[in-house]
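Go ahead and model the full structure; you've got the sequences and the hints to work with.
Residue numbers (mature numbering (1 follows the signal peptide of the UniProt record, and there is no 0)): -29 to -1, 1 to 356.
It is possible that part of the hints are untrue.
As the list claims (entries may be wrong) - For lysine-lysine, the following BS3-like pairs were computed, each having C-alpha atoms within a straight-line distance of at most 30 Å: (1) K356 to K265; (2) K356 to K55; (3) K3 to K243.
Don't read these hints as lab results, they were simulated from the structure.
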Amino acid sequence: MRQALHHSLRMVLSVSMLLAFAAPLTAHAAEKIEVYDSYTSKNSNVQLYSVSQLDGNQFINAVIARQPDGTYSKWPEAFPHFRKSDSGNLQLTGMDDPEQAYVYDTQSQSIMRKSEYVLSPDGRWGVLERSRYERQPDGYIAKFGDQYLKNTATGKVSVYYATQRYYNARWINQHTLLESGYNEAARQNVISTYDPSTGKRQELLRGTLNNWNLSKGLLQYVKKEPKRLPWIYNLKDGSSRLVKDARELKALFPAAPSSRPEVTFPKGMLLKELPVTEMPITLAYEHNLNLDGKSVDVSTIFTKGGQEWIPVKPLAAALGWKIEVMNISATGDPSAAYIYKITNGSNHAVLTPVNSFNSASRLYIAPAQLKELGYKSIKVTPYVK
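Printed below as a string of structure tokens:
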């Protein structure tokens, strides 16, 4: 009897195991869709969401659009997220590369490759920051923050400040920049103002800016001292005082509300199954360059240190230049980051870090080297709205 019972149990276990192996594996249900940012078009009432979803072992990021009729779609995989920029547009990629910075322009409701400047309140100036990496003589790769300034009336662009240290700037008044960052001469952080119309910088105080309430004209900062006590600076009269207590600090500088909205999506919605909506992409040109009567539109032309810099890639494509990467040892300087030979017919120019500019793997040439390539007439025309 016991042997028969054991035999029956073995049969049941064997059948159960076979059924387990034969049955299809149940896929892991997709998790809740997390929302990181949102935007609603005032014109079309289309709602955009920057979201993510864990679907089994796959983590999916996407920009999804909800139409007024309640239907959903997603943008192409090349644009998996966005964040609101200070300009009011939606930033889709990093802003370091002037030829590859993608932005969703909320006015035209299209994706644009452009330099996304933050305009001053009076609209006369725009600023943006780009990171740049540069090899130093000792071989160290240094990271610079280049601050670009655009005069919207003339269309001229310049790098007004560059540093390896922390730097932050925001507009106050009509076209004054409030700056905070490390000052080499003072050997500490300094808070200052910069007027782009005059090029003058004024130091307000020495300390680290922690918070601000520009509607009240107040800054919260700490001095370079052991206790790092919180101080308040009044932009209107230039006075400073210690913060009374935590309640005053919270009242004068309230925390910003969370940017993550609470959104309810249809139950069981899977990002991977949403239809893809193709998005038009346009390139915004800042300048036109005319070389001996040959016209080429370029993304940007700017000055740095009094020198004008013009992007090489669009010129080479339009004018048929040949670009060769040469052995760095040919420069006689082993610390040189690059050496390029550019050929235009029977003329050529050799570009190194000494006579060119490189940012975000984009090479820029100066007018002197354009003349080496055989061009006699060089005319730059900014596009001004």
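- Quick check: which numbered hints come out false for this structure? none
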